[in-house]
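**Student:** If you want the building blocks of each chain, they are given just below.
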Amino acid sequence: MSIIIKSSDDILPSEITDQKVFEGRREFIKKIGFGSAALLTGGHISLSHAKTAAGKYSDLPKSAFSAADKLTDFSDVSGYNNFYEFGTSKYDPAQKAKSFNSDPWSVAIEGEVEKPGVFNLEDFIKPYALEERIYRFRCVEGWSMVIPWVGFPLADMIKQFKPTSKAKYVEFVTLYDTKRMPGQVLKVLPWPYTEGLRIDEAMNPLTLMAVGLYGNDLPNQNGAPIRLVVPWKYGFKSIKSIVKIRFTEHQPLSTWNKIGPKEYGFYSNVNPQVDHPRWSQKTERKIGEPFWAPKHDTQIFNGYAEQVAHLYAGMDLKKNF
Amino acid sequence: MDTVINSNKYSSSLYNPALIKPAVFILCLLPLMNLVWNGFNQGLGVNPAETIIRTLGDWALYILLFTLAVTPLRKIAGLTALIRVRRMLGLIMFFYASLHLLAYVWFDQYFDWNEIVKDIIKRPFITLGFATFILLIPLVLTSTNKMMKRLKRRWKTLHQMIYPISLMAVVHYFWMTRADFRQPVIIAIILSGLLAYRLFVYFKKQQSI
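Protein chains in written order, with my numbering: chain F, 1 to 321; chain X, 1001 to 1209.
Hints in this document: simulated from the structure, not taken from any laboratory. Check the hints yourself; a few may be wrong.
[What the hints assert, rightly or not] Beta-carbon label-pair distances, calculated as ranges: (1) Phe1040(X) x Lys56(F): 35 to 41 Å; (2) Pro190(F) x Pro1164(X): 41 to 47 Å; (3) Met315(F) x Trp1113(X): 48 to 54 Å; (4) Asp297(F) x Ile1026(X): 42 to 48 Å; (5) Gly314(F) x Asn1041(X): 50 to 56 Å; (6) Val1036(X) x Tyr91(F): 29 to 35 Å; (7) Ile1134(X) x Asn216(F): 47 to 53 Å.
[Stated by the list, open to error] In silico lysine-lysine, DSS-like type, Cα no more than 27 Å apart, as pairs: (8) Lys262(F) x Lys62(F); (9) Lys282(F) x Lys1122(X); (10) Lys262(F) x Lys1118(X); (11) Lys1146(X) x Lys1156(X); (12) Lys168(F) x Lys258(F); (13) Lys318(F) x Lys1118(X).
Keep in mind it's a predicted model, so treat the numbers as computed, not measured. Built from N, CA and C at the ideal position, the CB exists for glycine as well.
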């Protein structure tokens, strides 16, 4: 069967907001005094975007790729995480990652690149201009959030290391350290967690290396100190706490693909027409909305078809799920 | 009548036949009351729909295990008065299973009957969960004293259906689990023990004949 790819006309203008609008809102927020910390703690008012203004990364440019959706509360973003390295319950990571120390941290660049090496995190991210990007985040389990990330395009970083012509894929590896990540004592997944992208997916301007959210460093439970964010794919592709990035000629095997090849494919693009064998992917529960309300329709490529559909032109998305 | 006689014997202990029924009734409804309380006090976590569906399913399964534990406890531990709560436990289990199904229909599918039918047909763990629920219905309908008398020997045969039903419920739990199987494994071990007891009794009887 054919998969209907949304044309840009189908995407509501409200979903992709012009940068000027964002800047305008920022001005408005400043004018009415929402910068003050006292008010920021006030919580969930309609101007929840204002909350992103405070913190370490307060004056970052807002990306034109940002979604205009209502942000998910910080307490939900940082309190409900699939991060099995800190336990298999979604409430475990917030508790068990409290004492996790991500400083010092180094990232190794390996494989098909001209300039491999091991870099400490500060040096690693120094060359890149950080920005704030508000992305929709869709978990394979059928729930979604809207998260203001702080990061830089992965493409900027890839260019820096000069991949060779053999670099067809990029593999990412999470820290494996049972002392610091107590959930790894249990063999629920084959550690370390790994993920992969095709090089053109990795180079897509939407693909983000995140170092923060809500204007501050990443909370430990969200993948401190550095993680991937691929907004058009299911959340598990957005690997956390990265220690290694390897450029490869052959398609790497990702963790979930390894343990459930029928359920989790290499691509794992958000697609309401390709169900997970055990549950439908047609709808999603937006975290923060009342539980008795209907769920929302899931969009192809999580609403980012305009930016990424071309990557899969001519591919059978049912086979390459 | 025997209640009065026995109650003297046990009045100082927790095992008081007169109190056992109301006590078990209240205990079994505590998880539900807790869920409702949490619902009104923002205590259902970040994804309340998930919390509600899972908690109701968990408790249906736990109470099913309690139900199956009645006979071994009666025979091995001599807690004969427990027979008074067996039917009630079974009915409360069905009550939790019904709420579990209702929570799925409402909070997960929002009464989209088309999608629900598709789900039941296409997804093995939902097919099995639904079949488990359907198979419980005849047991509930024949749970009265009247039906017990009317069905005579067949009543027992019919209600032995709970053994395969309990296996189905546990497999349903396994099939919905993503990676961490600790909890379903514990449930499966307890169920195996409870069913093994029945097999043991059955073979012993065969031998004595």
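**Student:** Next step is simple, just say for each hint if it's right about the structure.
**Tutor:** How the hints compare with the structure:
In this structure, Phe1040(X) and Lys56(F) meet the distance hint of 35 to 41 Å, their C-beta atoms being roughly 37 Å apart. Under the hint 41 to 47 Å, the C-beta atoms of Pro190(F) and Pro1164(X), about 35 Å apart, miss the expected range. Checked against the hint of 48 to 54 Å, the pair Met315(F) and Trp1113(X) fails, with Cβ atoms roughly 34 Å apart. A C-beta distance of roughly 43 Å is found between Asp297(F) and Ile1026(X), which places it inside the suggested range of 42 to 48 Å.
Remark: the range hint 50 to 56 Å for Gly314(F) to Asn1041(X) is upheld by a beta-carbon distance near 53 Å. Checked against the hint of 29 to 35 Å, the pair Val1036(X) and Tyr91(F) fails, with Cβ atoms roughly 20 Å apart. For the pair Ile1134(X) and Asn216(F), the supplied restraint of 47 to 53 Å holds, since their beta-carbon distance comes to about 51 Å. A threshold of 27 Å between alpha carbons decides the hint, and for Lys262(F) with Lys62(F) the separation of about 38 Å lies outside it, so the pair is violated.
For the proposed pair Lys282(F) and Lys1122(X), the alpha carbon gap of about 14 Å is at most 27 Å, so the pair holds. With a C-alpha separation of about 19 Å, the suggested pairing of Lys262(F) with Lys1118(X) holds against the 27 Å cut-off. With a CA separation close to 14 Å, the supplied pair Lys1146(X) and Lys1156(X) stays within the 27 Å bound. Our distance criterion of 27 Å between C-alpha atoms is met by Lys168(F) and Lys258(F), whose separation comes to about 20 Å.
Distance hint between Lys318(F) and Lys1118(X) is fulfilled; the C-alpha atoms sit about 18 Å from each other, no more than 27 Å.
Hints 2, 3, 6, 8 from the earlier list are contradicted by this structure; the remaining hints agree with it.
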